[in-house]
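If you read the protein sequences in the order shown, they are chains A, B, C, D and E. By the count of this note's numbering, the first sequence reaches residue 271 at its end, each step adding exactly one. By the count of this note's numbering, the second sequence reaches residue 271 at its end, each step adding exactly one. By the count of this note's numbering, the third sequence reaches residue 297 at its end, each step adding exactly one. By the count of this note's numbering, the fourth sequence reaches residue 292 at its end, each step adding exactly one. By the count of this note's numbering, the fifth sequence reaches residue 816 at its end, each step adding exactly one.
If you're looking for bench data, these hints aren't it; they were derived computationally from the structure. One should not assume that every hint holds.
Taking lysine-lysine and the DSS-like style, the derived pairs with C-alpha atoms no more than 30 Å apart in a straight line are [claimed, not checked]:
#1 C/Lys187 with B/Lys217
#2 E/Lys566 with B/Lys88
#3 A/Lys265 with B/Lys264
#4 D/Lys96 with D/Lys164
#5 D/Lys261 with D/Lys282
#6 E/Lys566 with C/Lys187
#7 D/Lys239 with D/Lys224
#8 B/Lys89 with C/Lys206
#9 B/Lys265 with A/Lys264
#10 B/Lys38 with B/Lys228
#11 B/Lys264 with A/Lys228
#12 B/Lys89 with B/Lys139
#13 B/Lys215 with B/Lys228
#14 B/Lys228 with A/Lys228
#15 B/Lys228 with B/Lys217
#16 B/Lys88 with C/Lys206
#17 B/Lys101 with C/Lys206
#18 B/Lys141 with C/Lys206
#19 B/Lys264 with B/Lys228
#20 D/Lys269 with D/Lys96
#21 C/Lys206 with B/Lys265
#22 B/Lys88 with B/Lys141
#23 A/Lys89 with E/Lys636
#24 A/Lys101 with E/Lys566
#25 B/Lys89 with E/Lys566
#26 A/Lys228 with B/Lys265
#27 D/Lys164 with D/Lys116
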Amino acid sequence: MTKPAQAIAVTNLHKRFGPLEVLKGVSLAANEGDVIAIIGGSGSGKSTFLRCINMLELPTSGSVTVHGETIAMKKDGHGGLMPSDRKQVQRLRTQLGMVFQSFNLWQHMTILQNVIEVPIHVLGKSKDEATAIGEALLHRVGLFEKRDAYPAFLSGGQQQRAAIARALAIQPLVMLFDEPTSALDPQLVGEVLTVIADLAKEKRTMILVTHEMKFARNVANHIVFLADGVIDEQGTPDEIFGNPKSERLKKFISSIH
Amino acid sequence: MTKPAQAIAVTNLHKRFGPLEVLKGVSLAANEGDVIAIIGGSGSGKSTFLRCINMLELPTSGSVTVHGETIAMKKDGHGGLMPSDRKQVQRLRTQLGMVFQSFNLWQHMTILQNVIEVPIHVLGKSKDEATAIGEALLHRVGLFEKRDAYPAFLSGGQQQRAAIARALAIQPLVMLFDEPTSALDPQLVGEVLTVIADLAKEKRTMILVTHEMKFARNVANHIVFLADGVIDEQGTPDEIFGNPKSERLKKFISSIH
Amino acid sequence: MADPISFLNWSLLALEPPGWGGVLLRGLMNSIEIAIGGYTFGLLLGIGGACGKLYGGPITRDLMECYTTIVRAVPELVLILLLYYAGTDALNYVLGLVGIGQVDISGLVAGIFVIGVVQGAYTTEVLRGAIKAVPAGQIEAARAYGMSPYKVMTRVTLPAMLPYAIPGLSNLWLIATKDTALLAVVGFSELTLVTRQAAGSTKAYLLFFCAAGVLYLMLTLVSDLIIRIIERRARRGFVEQS
Amino acid sequence: AEPLKVGFAAEPYPPFTSPDASGNWEGWEVEFEKAICAEAKLECVITPVAWDGIIPALTSKKIDMIIGSMSITEERLKTIDFSDKYYNTPTGVIGPKSETFEATPEGLKGKTIGVQVSTIHQVYASKYFGENGATVKEYQTQDEANNDLAAGRLDAVQADSIALGAFLKSDQGKECCDLKGMVKDDPAILGAGVGIGIRKGEDELKAKLNAAIKAIRANGTYDTFSKKYFDFDVYGQ
Amino acid sequence: MSETPTTDITTHAMAITPEDLPAAEGFFKPHRIVLLAIAAGLVFCIVWFMRWDWIPQYLPRLGYGIMITLAMLFSTSILGFLLAVPLGLVQVTGPWPLKALAKGFCTVVRGTPLLLQLWLLYYGLGSLFPQFPAIRQSFLWPYLRESWPYGVAALTISFAAYEGEVMRGAFAGVPAGEIEAARAYGMSRWTLFRRIWLPRAIHRALPTLTGETVLQLKATPLVATITVIDVYAVISKVRQDTYITYEPLLLLALIYMCLTGILVIAFRTLENRIPTRGA
Ligand SMILES: Nc1ncnc2c1ncn2[C@@H]1O[C@H](COP(=O)(O)OP(=O)(O)OP(=O)(O)O)[C@@H](O)[C@H]1O
Ligand SMILES: Nc1ncnc2c1ncn2[C@@H]1O[C@H](COP(=O)(O)OP(=O)(O)OP(=O)(O)O)[C@@H](O)[C@H]1O
Ligand SMILES: [Mg+2]
Ligand SMILES: [Mg+2]
C-alpha cells in the first residue's frame, strides 16, 4: 500500500487572547485515516486549538494546511493574522466537519433540513441528491424516524448524533470533534460514542478533543497531551496511558479515576 | 446505652396519581442516629415517598409519625387524605429538613439570608441568634466567605451545600435528602457528598434518596430498595450489596457498573 | 400666512401668556397626574386580578379572564370612550342604588378611572406571569420548612416575583403616560389636547406638536432612568440575561 | 347649590369660543354665557368637552347645558331639548381664491368639501352636495377643516358664515381663500338658529334661560357685547 | 434597555395572543354553563332593550370601514416589519453611527404617543407640503392631499420602532453557536444571514410578533382622527348622526373583538407550523 496522504497539518500555531497566550507553538499533522485524540486539563487550550484549525478563532501566528493547501493569511494590524482570501477559508471549511460540544443544531429547521442545508446552499447540490445522502446518514446514526422532528424535541444524545450527521453530510476530509459528549448526561454518552467508534472503524480521519480517556484509548491511534499551550507529550495510546513520561501527564492520568 | 428513640415512622403509605398507584403500602421507621438510604429505579416512587413524609405530596392512605406525634389526617372527599390541622403540619415540617435535588434556594436572598430566613420567620428566633447559628453552619459547609453572595452566583455544589446549611439551620430531627447530587456535574458531586458524610459521622438522623451506590454503601446503616411501589428488599449495606436476594435487586445492582 | 418662519417662532412657547409654554406644562402635569392615578388604580386592580386568577375559585377566575380578554382585545380608544360615558354613568347609577347619590365625577377622576381599568387588565397579566415565573421549587422549599401560606406569599412569592414583574410593570407605566393622550378624544385637557388647541389657535402646528413630543420624550427618558435604578435594586441576585 | 356646568366644545371655534394661552376662554359665546348666567342668577362654570361627545356628556350629566353654536334641529330634538335661539346666521361656502365656483350642487360637483362633524353643515353638505357628486370630508373641528383648505387638501369648506368670516379675516384665510356664496336655505336641516342645549324635562331651567335671553336682548347687553365681534346683528330674523 | 422577554411580557399583557385561546376540551364545566347562561341573558337584554334599528342602514358603510381597517393593519404591519428587520439588525451589528441612529429612532417613536405622531405628520408636516409649489405640482400631490398616506406612514413608523426593538432582541438572541456552526461549514456571510440568522430570528420573534400585530390592530382607530374612514370612523358617524351613545360603541367593541379573535387564530395556525418547546 502507498503511504496515506496528509489530510491536515498545523505548523507552529500560536494564539493569544490579550495578555494570555493560550497556544505557544503547537504543530500537528494528521494523515488520512488517522484518529487523533487531544487530551489535557481544563483551560489547556484544546478547544482553542480545534477552533483555530477552521479559523473560527484566528491564530496569532502559524499556519494551517488542509489537504496540501495552506490557508493564506495576512497581518491584521493588531499583531495577529487574518485570512487574506475569505472565499478560500469558506471553501476549506467545507473540508472540516466540526461537531460542537453543544450541538448547535439550527432550531428552526427539522433534523433532515439541518443535514441537507449545507450540501444544498453551500455545496450547491440538488435537493434530491442532498436528501438522499442526508437520509442515508440519518439511518446510519439511527435517527431516520426523527428526520422531521425539530431539534428541541430530541434528547441530547439524539441531537448530538444529528449534529454528527450534519457534519458528515458535507463529506469532509477531516471531522473535528470538540468534547462531543460532555454536554450529555451519562446515560446519553454511550449512543454518541458508539457512532464515533463506528466512524473510526471506517478509517475516517478525525481529530477529537475528549475527556473520556477510556474511549480515547480504544478509538484513537495517536494521542496528544496538551498542557500550558504546548504539546507536552504525544504517542500511541499504549505509550501515553501505559508508559507516560512527563510528570504532568502522569499526574493528569492519575487524577482520572 | 438506652435504646435510641424513634425519630420517624411511616406506616402503610399509599399514593395514587390518578390511575397510577405509585406507592402501594410502604412502611419505614427510623430511629435517632439512623442513616437510611433509599435506592431504586427511576420512577419507582422514591421522591414521592420522601415528599409524602413532609406532606408536600398528600398520601392516599397511611400515616406519618414524627417523634411520636402522628400527623392528623382527614378524608379530602376525593378518595385521598388531607391534614386536619394545618398548624400541626407546619410545626412538624420544621422537624424535617428537606434538601431538594434542585437546591431551590431563594434567589432573591443572599446565602446567609436563605439560611436565617426560617429560624427568624418561622421559628421566631432573634436575628442575632439566627445569624450566629447560620454563620456557624456556613463555616461548617465551607461557605462562610460566600455568605453575602446571591445563589445565582454560586456553583451547583456550593448551592447544594448552602441548601444543606439552610435545612440544618432549622435544627431538624431528621434530614431528608432527595438525590442531593444528581443535579450536579461530576466535579461538584464530591464536595456535597463530603458534607453529607460528615453529618452521618455525627449520627444525625437522615433519610436519603440517592443514585450513588458507593456512597450509600459507605454512609448508610440501612438500605431500602423500592421497586414497583413497595419495599422489595431492605437491610444493612452488606446484605443489600453483598448478598442481594430478590431478582430485581440483583438486576438493579448489576446494571450499575 | 403660516410662513415657515412662524414654525420657529419660539416666543409662542414662552411660559407666560401669550406664550403657550405654561399651558403645555399644565397639560403635561395633568397627563402625569392621570398617569400616576391610573397606574396606581391599575396596580391595585392588577394585584386583585392576579390573585383572583391564580388562587380564586372557578367563577372568579372566569370573570377575571373575561375582564382581561375584553380589555386586551378592544382598542384603548374604544374602551376609553365606552368607559368614559358608560362607565361613569354606571358608577353613578350604582352609587345611586347604594344611596350615596350622585357624585360629581370630574374629568380627572374619570380619566384616572378609565386609564386604571385598562391598566388593571394589563397589570393582572404581568403580575400573573411574574408569579407563575417563580420556580415552583422555591415555593415548595418554603412550605417544606413549615412556612404558613401567608408567610410563603409575603416572604417568598412576592419578593421573588418582583424581578420578573418589574420590566413589565415599568413598560406599563410608560404606556400609561402615553395612553393619557387618548383622553384628548373625550376633551380632557391633557398634554395632547392642549397642544392641539395651541396649535390650532396659533397655526404653528409643527412647533407645538414637536414641543409636545419633546415633553413626552423627556417624561419617558426620566421614567426610564428611575426605572433602571429600581430595577437594579430589585434584580440583585439575578444573573443578567444578555 | 352646585354650580351649573356649561359645556363648551374643547376645540377652538373662533370667534365664538376659543381658549387663550392662559387657559381662559374668550369669544362671543363666552360673553353670552356670562351675560345669561348673570341675568338668570345662575352660578356657571365652563367645562370643555369634546364636541364629538357633547350630547352624550349632556345626557349622562357630565354637563348641564351646551353653549356651543349648536343649531336647533329636528334630529337633535329627539335626544335633547333646546332653549329659544340666541343667534342665527346663514351658511356659506368658501374656497381657494384661484378657483371660481358657486355654492350650488352643480358648482361643487367633483370637489372635496370639508365640514365639521356633527353639525348641520355636515348633514346639509351630505344631502345637497354629497349626493350630487361631491366628496364630503368630516373634521373634528372647524379649525382643521379650514386648515386643510389652506393646505390645499380641500376644494371648499361649508360652515357658519360668521366662523368662515373670521377665518377669511385671519392671516391664513386672507392669503388663500374667499367666500364662494351662501347655500340655499333648508330650514328642516339648517334649523331655526342656535340654542342652548339642555336635557329633556328640565323645563324650569329652560324657562329661566328663555327669560334671560329675552332680557338681555331687551336691555341691550346682547348688543353691547355683540358689537365687539360683529358689525351686523347676529340674532338674525 | 429591554431584552426580548421583557417586550414579550408586556406585549402579551396588552394583547391577546394564541396562548389565551381556550382549549376546546375541558371548556365546559358546570359553573361555565351557568356563567354562559347569565351571559346569554345579558346579551339578550342588550339586544332587546337597546336600540339597534340603525344597523341595517349603516351596514354597507360598516363593511367598508372594516375593509379599510384591515387594509391599514396589513399594509402597515408588512411595511413596518420590512423596516424593522434592518432596524434590528443594524442595532446588533451595524457601525456605531447607524446603530445610534436606529436606537434613537426607536427611542423617540416609542417614547411619544402615536396620536401625537399622527397629528404631527398630518397637521404638521402635511400642512407644510403645499407651501412648496414643486410638491404641489408633482405627481405625488394627489396622494399627499389624501389623509390615508399619513395614517399609513405613522402606523408603519410606530410598528417598525416597536418591532425593530423586538427584532434587535431576536437577532442578538440567536445562539452564537448556531451562527458559528454555519460559519464552520463554510457559509458565506450572505447565505448565513439569509438561511440561518434571519429565519432563526423571525422564528424567535414570532410569538411577540403576534402580540405586536394585535396591538397594531388596536392602534388603527387612531387614524379616524385624521379623517380616514375606518370602522371606528363609521361608528363615530353613527353616534353623531343618531345621538345614540352606547350601542354603536358596544358594536364597535364586538367588531374589534372578532377581528382580534380571527387574527389570533390565524397566527396560532402559523405558529403551530414550527413548534417550539419550552420558552
Ligand atoms: N474568546 C476568549 N477570550 C479570552 N480568553 C479565552 C477565550 N476563549 C478561551 N479563552 C481562554 O483560553 C484558555 C483556553 O481555553 P480553551 O477553551 O481552549 O480550553 P480547553 O482546553 O478547551 O478547556 P476545557 O477542557 O475546559 O474545554 C482558557 O484560559 C480560556 O479562559
Ligand atoms: N405530580 C404527579 N402527577 C402524576 N404523576 C406523578 C407525579 N409525580 C410523580 N408522578 C409519577 O410517579 C412515579 C414515581 O415518581 P417519582 O418521582 O417518585 O420517582 P423516583 O423514584 O423519584 O424516580 P427518579 O429516580 O427518576 O427521581 C413516576 O411514574 C412519575 O411519573
Ligand atoms: Mg474546551
Ligand atoms: Mg426522584
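ask   = Where does the structure disagree with the numbered hints, that is, which hint numbers, in rising order?
value = 1, 3, 4, 9, 12, 21, 22, 24 and 27
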